[in-house]
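Read in order, the letters of the sequence shown correspond to residues 1 to 225 in this note's numbering.
Derived from the structure by calculation, the hints contain no laboratory data.
Wrong hints could be hidden among the right ones.
[As the list claims (entries may be wrong)] Listed next, the in silico DSSO-like pairs over lysine-lysine satisfying Cα-Cα at most 27 Å (straight line):
1) LYS61 with LYS157
2) LYS89 with LYS25
3) LYS223 with LYS173
4) LYS213 with LYS29
5) LYS104 with LYS29
6) LYS204 with LYS55
7) LYS61 with LYS173
8) LYS55 with LYS29
9) LYS204 with LYS223
10) LYS213 with LYS223
11) LYS213 with LYS104
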Amino acid sequence: MTDGAVPGIYFVDLDGTLLSTSSEKYFLKHLVNQSILSPAAFLRFLTFYVLHPGKTIREGKGWNRNYLTGIPPEAVKREAVNCAGILMKNYFREWTLRSVNELKNAGCETILLSASLEYIVASIAESIPMDYVQASNPAIENGRFTGLLNDLRPWGKNKAELMRRICRERGVKPENCVAAGDSWADRFIMSECGCSVAVCPDRKLRKLAVSRKWRIVEGRHTKWA
1 MTDGAVPGIY FVDLDGTLLS TSSEKYFLKH LVNQSILSPA AFLRFLTFYV
51 LHPGKTIREG KGWNRNYLTG IPPEAVKREA VNCAGILMKN YFREWTLRSV
101 NELKNAGCET ILLSASLEYI VASIAESIPM DYVQASNPAI ENGRFTGLLN
151 DLRPWGKNKA ELMRRICRER GVKPENCVAA GDSWADRFIM SECGCSVAVC
201 PDRKLRKLAV SRKWRIVEGR HTKWA
(Lines of atoms letter the chains of each structure in order from A; the text may use other names.)
(Lines give C-alpha, C1' and ligand atoms only; values in the text may rest on other atoms or scores of the structure.)
Protein backbone atom coordinates (compact mmCIF):
# COMPACT_ATOMS: atom_id res chain seq x y z
CA MET A 1 0.00 0.00 0.00
CA THR A 2 2.92 2.34 0.58
CA ASP A 3 6.51 2.66 -0.64
CA GLY A 4 7.66 0.27 2.08
CA ALA A 5 7.64 2.66 5.04
CA VAL A 6 5.06 1.92 7.73
CA PRO A 7 2.49 4.76 7.77
CA GLY A 8 1.74 6.54 11.02
CA ILE A 9 -2.03 6.11 10.88
CA TYR A 10 -4.44 4.14 8.72
CA PHE A 11 -7.82 5.91 8.50
CA VAL A 12 -10.55 3.48 7.46
CA ASP A 13 -14.12 4.32 6.48
CA LEU A 14 -16.84 1.88 7.60
CA ASP A 15 -19.87 1.74 5.28
CA GLY A 16 -18.88 0.58 1.82
CA THR A 17 -15.19 0.33 2.74
CA LEU A 18 -14.87 -2.06 5.67
CA LEU A 19 -18.45 -3.28 5.28
CA SER A 20 -20.28 -4.05 2.05
CA THR A 21 -23.48 -2.49 3.37
CA SER A 22 -24.72 0.60 5.19
CA SER A 23 -24.48 -0.13 8.91
CA GLU A 24 -26.97 2.51 9.98
CA LYS A 25 -29.47 1.66 7.27
CA TYR A 26 -29.28 -1.93 8.49
CA PHE A 27 -29.72 -0.70 12.05
CA LEU A 28 -32.84 1.26 11.11
CA LYS A 29 -34.40 -1.84 9.58
CA HIS A 30 -33.47 -3.81 12.68
CA LEU A 31 -35.17 -1.31 14.99
CA VAL A 32 -38.34 -1.44 12.88
CA ASN A 33 -38.31 -5.26 12.75
CA GLN A 34 -37.89 -5.44 16.52
CA SER A 35 -40.78 -2.96 17.01
CA ILE A 36 -38.40 -0.62 18.84
CA LEU A 37 -38.91 2.04 16.19
CA SER A 38 -42.62 2.55 15.53
CA PRO A 39 -44.03 3.07 12.02
CA ALA A 40 -45.05 6.59 13.04
CA ALA A 41 -41.53 7.41 14.24
CA PHE A 42 -40.02 5.98 11.04
CA LEU A 43 -42.39 8.12 8.96
CA ARG A 44 -41.40 11.17 10.99
CA PHE A 45 -37.74 10.33 10.31
CA LEU A 46 -38.40 10.20 6.55
CA THR A 47 -40.37 13.45 6.70
CA PHE A 48 -37.29 15.27 7.96
CA TYR A 49 -35.57 14.56 4.64
CA VAL A 50 -38.53 15.99 2.73
CA LEU A 51 -38.51 19.12 4.88
CA HIS A 52 -34.74 19.68 4.70
CA PRO A 53 -33.53 18.79 1.18
CA GLY A 54 -30.75 21.37 1.29
CA LYS A 55 -29.25 19.86 4.41
CA THR A 56 -29.25 16.44 2.77
CA ILE A 57 -27.32 17.86 -0.19
CA ARG A 58 -24.80 19.59 2.08
CA GLU A 59 -24.36 16.88 4.71
CA GLY A 60 -25.29 13.63 3.00
CA LYS A 61 -28.24 11.33 3.62
CA GLY A 62 -27.00 10.15 6.99
CA TRP A 63 -27.33 13.50 8.79
CA ASN A 64 -30.83 12.71 10.09
CA ARG A 65 -30.78 11.15 13.59
CA ASN A 66 -34.43 11.94 14.28
CA TYR A 67 -35.22 8.23 14.48
CA LEU A 68 -33.47 8.10 17.87
CA THR A 69 -36.03 10.41 19.45
CA GLY A 70 -38.13 8.59 22.01
CA ILE A 71 -35.97 5.46 22.14
CA PRO A 72 -34.17 4.90 25.46
CA PRO A 73 -30.38 5.20 24.98
CA GLU A 74 -29.92 1.83 26.71
CA ALA A 75 -32.06 0.13 24.08
CA VAL A 76 -30.15 1.80 21.24
CA LYS A 77 -26.81 0.72 22.71
CA ARG A 78 -28.02 -2.85 23.24
CA GLU A 79 -29.46 -3.26 19.75
CA ALA A 80 -26.41 -1.62 18.17
CA VAL A 81 -24.24 -4.34 19.69
CA ASN A 82 -26.61 -7.01 18.37
CA CYS A 83 -26.56 -5.47 14.89
CA ALA A 84 -22.78 -5.15 14.91
CA GLY A 85 -22.51 -8.89 15.48
CA ILE A 86 -24.62 -9.61 12.40
CA LEU A 87 -22.73 -7.09 10.29
CA MET A 88 -19.37 -8.53 11.31
CA LYS A 89 -20.51 -12.02 10.45
CA ASN A 90 -21.94 -11.28 7.02
CA TYR A 91 -20.62 -8.03 5.53
CA PHE A 92 -16.88 -7.57 6.07
CA ARG A 93 -14.88 -6.71 2.96
CA GLU A 94 -11.99 -9.14 2.95
CA TRP A 95 -9.40 -6.83 1.40
CA THR A 96 -10.01 -4.01 3.87
CA LEU A 97 -10.00 -6.28 6.89
CA ARG A 98 -6.77 -7.87 5.72
CA SER A 99 -5.15 -4.46 5.15
CA VAL A 100 -6.11 -3.36 8.67
CA ASN A 101 -4.55 -6.44 10.19
CA GLU A 102 -1.39 -6.16 8.09
CA LEU A 103 -0.74 -2.51 8.90
CA LYS A 104 -1.64 -2.91 12.56
CA ASN A 105 0.81 -5.81 12.86
CA ALA A 106 3.45 -3.64 11.20
CA GLY A 107 3.06 -1.00 13.91
CA CYS A 108 0.63 1.41 12.23
CA GLU A 109 -2.20 2.88 14.32
CA THR A 110 -5.57 1.91 12.83
CA ILE A 111 -8.51 4.29 13.17
CA LEU A 112 -12.12 3.68 12.13
CA LEU A 113 -13.43 7.08 11.05
CA SER A 114 -17.12 6.88 10.15
CA ALA A 115 -20.27 9.00 10.05
CA SER A 116 -22.27 6.02 11.25
CA LEU A 117 -23.66 5.78 14.79
CA GLU A 118 -20.86 5.47 17.34
CA TYR A 119 -22.51 2.58 19.18
CA ILE A 120 -22.36 0.44 16.04
CA VAL A 121 -18.92 1.58 14.94
CA ALA A 122 -17.35 1.03 18.36
CA SER A 123 -18.75 -2.49 18.61
CA ILE A 124 -17.33 -3.40 15.21
CA ALA A 125 -13.98 -1.79 16.01
CA GLU A 126 -13.61 -3.84 19.19
CA SER A 127 -13.85 -7.10 17.29
CA ILE A 128 -11.14 -6.41 14.71
CA PRO A 129 -9.69 -4.71 16.82
CA MET A 130 -9.09 -1.11 15.74
CA ASP A 131 -6.95 1.19 17.88
CA TYR A 132 -9.35 4.13 17.91
CA VAL A 133 -12.84 5.13 16.78
CA GLN A 134 -14.29 8.47 15.70
CA ALA A 135 -17.95 8.32 14.72
CA SER A 136 -21.29 10.13 15.13
CA ASN A 137 -21.79 10.47 18.88
CA PRO A 138 -25.43 11.40 19.64
CA ALA A 139 -25.95 13.87 22.46
CA ILE A 140 -28.04 12.79 25.44
CA GLU A 141 -29.72 15.23 27.83
CA ASN A 142 -31.84 14.21 30.83
CA GLY A 143 -31.69 10.60 29.68
CA ARG A 144 -33.00 11.35 26.17
CA PHE A 145 -31.44 11.83 22.76
CA THR A 146 -31.51 15.46 21.66
CA GLY A 147 -31.11 14.77 17.93
CA LEU A 148 -27.77 16.59 17.98
CA LEU A 149 -24.19 15.27 18.03
CA ASN A 150 -21.46 15.85 20.60
CA ASP A 151 -18.84 16.55 17.93
CA LEU A 152 -18.46 16.90 14.19
CA ARG A 153 -20.14 14.25 12.08
CA PRO A 154 -17.28 12.47 10.30
CA TRP A 155 -18.48 13.03 6.75
CA GLY A 156 -17.07 15.02 3.83
CA LYS A 157 -14.94 18.00 4.90
CA ASN A 158 -15.65 17.25 8.55
CA LYS A 159 -13.94 13.88 8.18
CA ALA A 160 -10.82 15.60 6.87
CA GLU A 161 -10.93 18.09 9.75
CA LEU A 162 -11.17 15.28 12.28
CA MET A 163 -8.30 13.50 10.55
CA ARG A 164 -6.15 16.64 10.92
CA ARG A 165 -7.14 16.94 14.58
CA ILE A 166 -6.19 13.34 15.28
CA CYS A 167 -2.88 13.78 13.47
CA ARG A 168 -2.05 16.91 15.47
CA GLU A 169 -2.80 15.12 18.74
CA ARG A 170 -0.41 12.32 17.78
CA GLY A 171 2.26 14.42 16.12
CA VAL A 172 1.76 12.64 12.80
CA LYS A 173 1.65 14.43 9.45
CA PRO A 174 -1.26 13.59 7.09
CA GLU A 175 1.21 12.85 4.33
CA ASN A 176 2.49 9.97 6.46
CA CYS A 177 -1.00 8.46 6.70
CA VAL A 178 -3.17 6.15 4.61
CA ALA A 179 -6.90 6.64 3.97
CA ALA A 180 -9.35 4.09 2.59
CA GLY A 181 -12.77 5.21 1.36
CA ASP A 182 -15.50 4.31 -1.09
CA SER A 183 -17.53 7.42 -1.86
CA TRP A 184 -17.14 10.86 -3.40
CA ALA A 185 -17.56 12.40 0.08
CA ASP A 186 -14.31 10.65 1.12
CA ARG A 187 -12.30 12.63 -1.41
CA PHE A 188 -11.39 15.33 1.13
CA ILE A 189 -9.57 13.05 3.57
CA MET A 190 -8.15 10.92 0.78
CA SER A 191 -6.70 13.97 -0.97
CA GLU A 192 -4.83 15.04 2.17
CA CYS A 193 -3.33 11.70 3.16
CA GLY A 194 -0.09 10.59 1.60
CA CYS A 195 -1.52 7.31 0.34
CA SER A 196 -5.15 6.56 -0.49
CA VAL A 197 -7.13 3.52 -1.57
CA ALA A 198 -10.55 3.62 -3.26
CA VAL A 199 -12.43 0.52 -2.13
CA CYS A 200 -15.30 -0.46 -4.43
CA PRO A 201 -15.71 3.23 -5.26
CA ASP A 202 -18.62 5.13 -6.72
CA ARG A 203 -18.25 6.50 -10.24
CA LYS A 204 -16.95 9.95 -9.29
CA LEU A 205 -14.43 8.68 -6.77
CA ARG A 206 -13.20 6.07 -9.24
CA LYS A 207 -12.56 8.78 -11.81
CA LEU A 208 -10.64 10.83 -9.24
CA ALA A 209 -8.67 7.76 -8.11
CA VAL A 210 -7.60 7.08 -11.68
CA SER A 211 -6.47 10.69 -12.16
CA ARG A 212 -4.53 10.68 -8.84
CA LYS A 213 -3.14 7.18 -9.42
CA TRP A 214 -4.65 5.89 -6.18
CA ARG A 215 -5.03 2.18 -5.74
CA ILE A 216 -8.51 0.87 -6.59
CA VAL A 217 -9.93 -2.25 -4.98
CA GLU A 218 -12.62 -3.61 -7.27
CA GLY A 219 -16.05 -4.67 -6.09
CA ARG A 220 -19.69 -3.66 -5.96
CA HIS A 221 -20.22 -0.16 -4.62
CA THR A 222 -22.46 0.19 -1.55
CA LYS A 223 -25.30 2.69 -1.82
CA TRP A 224 -26.83 4.30 1.25
CA ALA A 225 -30.34 4.02 -0.19
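These are the hints, each one checked on the structure:
Between LYS61 and LYS157, the direct Cα distance comes to roughly 15 Å. Compliance with the 27 Å bound is thereby established for this hinted pair. Between LYS89 and LYS25 the alpha-carbon distance is near 17 Å, which keeps this suggested pair within the 27 Å criterion. Only pairs whose Cα atoms come within 27 Å are accepted, and LYS223 paired with LYS173 is rejected, the gap being roughly 31 Å. For the hint linking LYS213 to LYS29, the alpha-carbon distance of about 38 Å lies beyond 27 Å, and the restraint is violated.
Between LYS104 and LYS29 the alpha-carbon distance is near 33 Å, which puts this suggested pair outside the 27 Å criterion. Of the supplied pair hints, the one linking LYS204 and LYS55 holds, its CA atoms being roughly 21 Å apart against a limit of 27 Å. Between LYS61 and LYS173 the alpha-carbon distance is near 31 Å, which puts this suggested pair outside the 27 Å criterion. Of the supplied pair hints, the one linking LYS55 and LYS29 holds, its CA atoms being roughly 23 Å apart against a limit of 27 Å.
As the CA atoms of LYS204 and LYS223 are separated by approximately 13 Å, the hinted pair is consistent with the 27 Å bound. The suggested pairing of LYS213 with LYS223 holds, with an alpha-carbon distance near 24 Å, which does not exceed 27 Å. Distance restraint check for LYS213 and LYS104: the Cα-Cα separation of roughly 24 Å lies within the 27 Å cut-off, and the hinted pair is therefore satisfied.
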